[in-house]
Amino acid sequence: MEITKFMKKLSSHKGVSDVALIRDNVVKLDLGKEDSKDFFISLKEDYGFEHCSLISAIDNQPQFELVYHFSVIEGSIFIKDSPKTVMIEIHIFLERDTPTIESVSDLWFGANWHEREAYDLMGIYFLGHPDLRRVLLPEGFAGHPLRKDYVYEIHEEEW
Amino acid sequence: MSSKRIGGNPSLRRGLGSKTTDSEKIMEDPPAGDWLALRSDQFLKWIDNAVYNAAEATGMREVVDRVTRPIFNYAQRFSPHPLHFGIMCCAIEMGQASAPDHDIDRLGLVYRSSPRQCDVLIVNGPVCEKLRPKLKTLYEQMPEPKWVVAMGECAISGGPYWDSYSVVAGADTFMPVDVYIPGCPVRPEALMHGFLTLQKKIREKEPGLFLRR
Amino acid sequence: MAEMWISMGPQHPMTHGLWTLKVKVDGETIVDADPELGYLHRSVEKMGERRKYFMNTTLTDRLCYASSTTWTHCYALSVEELMGVEVPQRAQYIRTIMLELQRLASHLMWAGAYMPDLGHITGALYFWRDRELFLNLLELPSGSRLLYNYIRIGGVKRDLPDGFEEKTERILKLFEQRLDEYADLFENSKIFRMRTEDVGNFTASQAMNLGITGPNLRGCGTKFDLRKQDSYEIYDEIDWEIQTREAGPGYGDCFSRYMVRIDEMKESVKIIRECFKKMPAGPTMASKVPIRASGDAFRRTEDSRGEALMYLVGDGSDRPYRWKIKSPMFTTISACPHYLKGYKVADIPSIMGSIDICIGETDK
Amino acid sequence: MSLFSFCRWMAEWTANYMLIPVFDFQKNLFPPFSHPAGTIADWLGTDGGLDTLAWTFAVNIAFAIGMTNLILVIHLERKIAARIQDRRGPMLSFRSFRELGEDLAGEAPSWRFKDNYSGIGILQNMADGIKAITKELIVPAKADKFLFTMGPIIFISSSVFLLVLFPLSDRFAASSAPAGLMVIMAAFSIAPIGVLTSGWASNNKYSMIGGMRSAAQLMSYEIPLLLSMAGVFLLAGSFDPVTIVEQQQEGTWLFGLPMWNFIPQFLGFIVFMICILAEVERVPFDLPEAEAELVEGWTTEYSGIRYMLFLAAEYIRGFAGAAVCTILFLGGWAGPWPIPPEIWFLSKVYLILIFWIFIRWTVPRIRTDQILELGWKKLLPLSLINILIVIFMVEIYPYFSDIVNLPEVF
Chain A
70 MEITKFMKKL SSHKGVSDVA LIRDNVVKLD LGKEDSKDFF ISLKEDYGFE
120 HCSLISAIDN QPQFELVYHF SVIEGSIFIK DSPKTVMIEI HIFLERDTPT
170 IESVSDLWFG ANWHEREAYD LMGIYFLGHP DLRRVLLPEG FAGHPLRKDY
220 VYEIHEEEW
Chain B
146 MSSKRIGGNP SLRRGLGSKT TDSEKIMEDP PAGDWLALRS DQFLKWIDNA
196 VYNAAEATGM REVVDRVTRP IFNYAQRFSP HPLHFGIMCC AIEMGQASAP
246 DHDIDRLGLV YRSSPRQCDV LIVNGPVCEK LRPKLKTLYE QMPEPKWVVA
296 MGECAISGGP YWDSYSVVAG ADTFMPVDVY IPGCPVRPEA LMHGFLTLQK
346 KIREKEPGLF LRR
Chain C
73 MAEMWISMGP QHPMTHGLWT LKVKVDGETI VDADPELGYL HRSVEKMGER
123 RKYFMNTTLT DRLCYASSTT WTHCYALSVE ELMGVEVPQR AQYIRTIMLE
173 LQRLASHLMW AGAYMPDLGH ITGALYFWRD RELFLNLLEL PSGSRLLYNY
223 IRIGGVKRDL PDGFEEKTER ILKLFEQRLD EYADLFENSK IFRMRTEDVG
273 NFTASQAMNL GITGPNLRGC GTKFDLRKQD SYEIYDEIDW EIQTREAGPG
323 YGDCFSRYMV RIDEMKESVK IIRECFKKMP AGPTMASKVP IRASGDAFRR
373 TEDSRGEALM YLVGDGSDRP YRWKIKSPMF TTISACPHYL KGYKVADIPS
423 IMGSIDICIG ETDK
Chain D
1171 MSLFSFCRWM AEWTANYMLI PVFDFQKNLF PPFSHPAGTI ADWLGTDGGL
1221 DTLAWTFAVN IAFAIGMTNL ILVIHLERKI AARIQDRRGP MLSFRSFREL
1271 GEDLAGEAPS WRFKDNYSGI GILQNMADGI KAITKELIVP AKADKFLFTM
1321 GPIIFISSSV FLLVLFPLSD RFAASSAPAG LMVIMAAFSI APIGVLTSGW
1371 ASNNKYSMIG GMRSAAQLMS YEIPLLLSMA GVFLLAGSFD PVTIVEQQQE
1421 GTWLFGLPMW NFIPQFLGFI VFMICILAEV ERVPFDLPEA EAELVEGWTT
1471 EYSGIRYMLF LAAEYIRGFA GAAVCTILFL GGWAGPWPIP PEIWFLSKVY
1521 LILIFWIFIR WTVPRIRTDQ ILELGWKKLL PLSLINILIV IFMVEIYPYF
1571 SDIVNLPEVF
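These protein sequence lines are chains A, B, C and D, in that order. Under our numbering, the first sequence has 87 at position 18, and the numbering climbs by one with no breaks. Under our numbering, the second sequence has 226 at position 81, and the numbering climbs by one with no breaks. Under our numbering, the third sequence has 388 at position 316, and the numbering climbs by one with no breaks. Under our numbering, the fourth sequence has 1575 at position 405, and the numbering climbs by one with no breaks.
Think of the hints as simulated: they come from the structure by calculation, not from any bench. Predicted model only: the values in this text are computed from it and were never measured. Be careful, since some hints might not be right.
[To be verified] If you want the footprint, here are the derived chain D segments under chain C, 3+ residues with CB under 8 Å:
# : stretch
1 : 1254-1264
2 : 1408-1421
3 : 1448-1456
4 : 1525-1534
5 : 1537-1544
[As the list claims (entries may be wrong)] No more than 30 Å apart at the CA atoms, straight line, and that leaves these computed lysine-lysine pairs for DSS-like:
#  : chain 1 : residue 1 : chain 2 : residue 2
6  : D       : Lys-1547  : C       : Lys-416
7  : D       : Lys-1375  : C       : Lys-413
8  : B       : Lys-279   : C       : Lys-300
9  : C       : Lys-262   : D       : Lys-1315
10 : C       : Lys-262   : D       : Lys-1312
11 : D       : Lys-1249  : B       : Lys-279
12 : D       : Lys-1312  : B       : Lys-279
13 : A       : Lys-78    : A       : Lys-102
14 : A       : Lys-97    : C       : Lys-262
15 : D       : Lys-1312  : B       : Lys-281
16 : C       : Lys-413   : A       : Lys-217
17 : C       : Lys-94    : C       : Lys-416
Where a beta carbon is used, it is the ideal one built from N, C-alpha and C, also for glycine.
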């Protein structure tokens, strides 16, 4: 499937808005939180995005933003006359009071620890995640340090 | 920030985390009246004390110390076996130091994987909050006499990670450090110099006595 | 023997860094595994939010201690994308040379660390001896042995010194000879192949789903290298091949991963030579580099270990609002129960060594 | 003059001029009682007493020679390994004694590190050994204390015992039993019990797996090892090292060279070399202490002198293994005249040891299941074939050659 055709198809999905081509091989779109799981399933099954590159959580004060990067490795989407592979960047906005979203780790195993990290450092809860524990910080650590309102003491030496 | 070596002094050592057990308490104060009630380990301790006191009284201790101390000191300072333990960048340079170009084996350094068989703990990177208890365990697993080398800026003071929420400000905040090797990362030559400095330190501060360790 | 959990790490010769692998064994067969990270979590992402854009290269250098230039380069690329900086042609060539030299050093570090895992200490010292050559080479332009801080936003710190090309050529020639010599010691050795072949297998489709990229994925036969697939700098102007292993016995196992890296080193040598041939004259730094940025941008590069991705969000100030690092090893380690199950305890070092762990970038 | 007659002469001299007068003097101090000193003095006058004293001397001499060799072997290992790896190895020089002398004399310390690392480094072993004495001996809290101390004793004593069992030549033997090699092999196979014991008692999973591996390795390697030795025993018709070496001098080969056992029994020689490597636990068969996966294997929890003695005992076993190999297959102490047989024997042993060092530093370690497979499926059949060949040589061929007048080959 050529990338322009792919972009047209994307717009027809429920909850998808602002589909844009931000580089010659990267498609960016915004997605509603409720329709995310259906969209991710079709992203994997229909369009062949085999690889979950990154899930990053951003504290936009007040709401949270989740940015998913998926990439094609041997999939069916291509760019004409170019060896470049296609990536997709998906933005999902979450309310600060309810930072929950459905997990995609059953679709991409590689997303498993990215979700754990987002939970660990940003406090986003992934529903249906098999093993949502802290991954980088020790168990019992108070707070989620990558949030902008996290306050910590800096050990500054006296000079 | 104290870089004082605490290894040899039992009272300070105890403050570092090894707790005084009940049997030790009994040992310090042997029951004067009922010798027969001594357990075998208490008895050995008592014998040890008796021999020590006798040696002390006759002046034998000084003679034995005078001869054995330099020999043991010589052996200790020329065979420092570090723990095979890497934290960050400096660990790579530590490995590179044993490569043919620098060959730290010339100084008799053999990396042992088990803390039980080591003399030197090289802290070669930032100590994070999650690592700190483990590092302390490693230190306590090592047999006396033991030394700690803080290798690189991170281990000395936190280095580039001074404003991090999870990095401890230097290894000496929770364990005694003998030698600091600055550098980010430490070059292999600097590591060698650090070990020569450690030798110098061991030589100047003679280790524990022979009869009572 | 009953089933039991063995905890390996954080101080264990197998780990190559600081992490804990808990394995459940039945006799000597692995039944289950549970990796644990975080002993080296330095909070680079949070610290980056307190520093200016150009100051963060210090932190990116220390992200991966075996391959620091590639990470700084990934960061510089992302910031350039965010700010819209155009890098001069000569700087791009110099960057490519530095990246490939760093890749050689990193792969040699890996090979050196892999050999003691198999009980072959001499191999480690041979590879580290060769790595020393490349460290000396990288020291010439940058002035440092391990953490160079040479690639800056908008170009490189300074031009290559005089005589760099001749020195590089001499070292590359020596290195090629030595790689041919080592073939008899390693890949043609019966015991080496006994330890690595048919150990730690995974197929390409599994690897993609598990999030495994880089040489580990190419060891499964997938032609996926971001230097071609998402080309940056001047990799698309240079004639080189993606190194993979053909399907057959020993496909997607430790041996194929070993061979992919060895072949990649040979390919890197080619790239460096061609870069020197084609290198134009000119400035090495963009004429104007802004210090403020807004919006968001990301670039991904082919790190020595796989796909490196940095996602940056700017809010118009001179510091990043959010800086997210994707480490290839983070997902690869998370998948280790999948490729450890069913093998022996003695295979753990062989498998975990072959995927080339670097905890610095993993724990961030 | 043999070692024993020398020791006997020494024993007589010691008894007559040193021991008996002392005991007699003590006896005379207490004339009314039958003091033990008197009994000892009487006993020392007899043949049995003098023999016992002579054996004691012989064993001590053999032991001292073995321990001296041990230092040399460890030094060789470190230096050759370093040279293989394109580096220099330990370089602690005798000049470092200057510092020691200053410390002993109590003068003010002055720091001269330039001189300390410019020698051949044989002092490094000494420093390591003495340092180990000063280290704290740790017994883990949950370890089985009795077995934790017994394990090293079993391992080290059985290894040191090996040193006095093999002869350096027909005249230089501390012990000469008709079943000499059987005793050596029995002593060899005690050590895995010590390994298993200390591995289990450490209360450490790595140690335990190391101990288990040692037991498994013993099971799979002892059998082909003994079967490959059986060929030599059949050929010589004896377990006695002296007989075996003498038998090897009988036949001749090209240019009148003696036909040592490794020529007719090449198969057995190969099997033996592999198995003895596994027996002394060297790379590629050092599974019980595979440092990549089992931190230090079964020695993980041992500190200080216990660990150092483990290390020493392993080298002693290596030395003994090479000595057995020399006796069985390389003609023992036989060699041209001007060089004494003891030197011939030791040089052959060192040749094998250096060969092992080269193997150790050039091949990776193999896996447990592979080692068992190699032992049971390949080496065992090969050693059986070797025995068949020897039986053919010893029994069947001479029988037929008597009947049909075959040429005398063997």
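Hint by hint, here is what the structure shows:
1. 1254-1264: holds (count 4)
2. 1408-1421: violated (count 0)
3. 1448-1456: Result for this restraint: holds, n = 3.
4. 1525-1534: holds (count 4)
5. 1537-1544: holds (count 4)
6. D:Lys-1547 - C:Lys-416: holds (20 Å)
7. D:Lys-1375 - C:Lys-413: Distance ~19 Å between Lys-1375 of chain D and Lys-413 of chain C Cα, so the pair holds.
8. B:Lys-279 - C:Lys-300: Violated: Lys-279 of chain B and Lys-300 of chain C sit about 43 Å apart, past 30 Å.
9. C:Lys-262 - D:Lys-1315: violated (43 Å)
10. C:Lys-262 - D:Lys-1312: It is violated: about 42 Å lies between the C-alpha atoms, which goes past 30 Å.
11. D:Lys-1249 - B:Lys-279: Violated, because 35 Å separates the two Cα atoms, which is more than 30 Å.
12. D:Lys-1312 - B:Lys-279: Holds. Lys-1312 of chain D to Lys-279 of chain B sits at ~19 Å (cutoff 30 Å).
13. A:Lys-78 - A:Lys-102: Holds - the C-alpha atoms of Lys-102 of chain A and Lys-78 of chain A are around 19 Å apart, at most 30 Å.
14. A:Lys-97 - C:Lys-262: violated (51 Å)
15. D:Lys-1312 - B:Lys-281: With Cα atoms ~20 Å apart, Lys-1312 of chain D and Lys-281 of chain B stay inside 30 Å; holds.
16. C:Lys-413 - A:Lys-217: Since the Cα atoms of Lys-413 of chain C and Lys-217 of chain A sit roughly 40 Å apart, the hinted pair is violated (cutoff 30 Å).
17. C:Lys-94 - C:Lys-416: holds (14 Å)
When each numbered hint is compared with the structure, violations occur for hints 2, 8, 9, 10, 11, 14 and 16.
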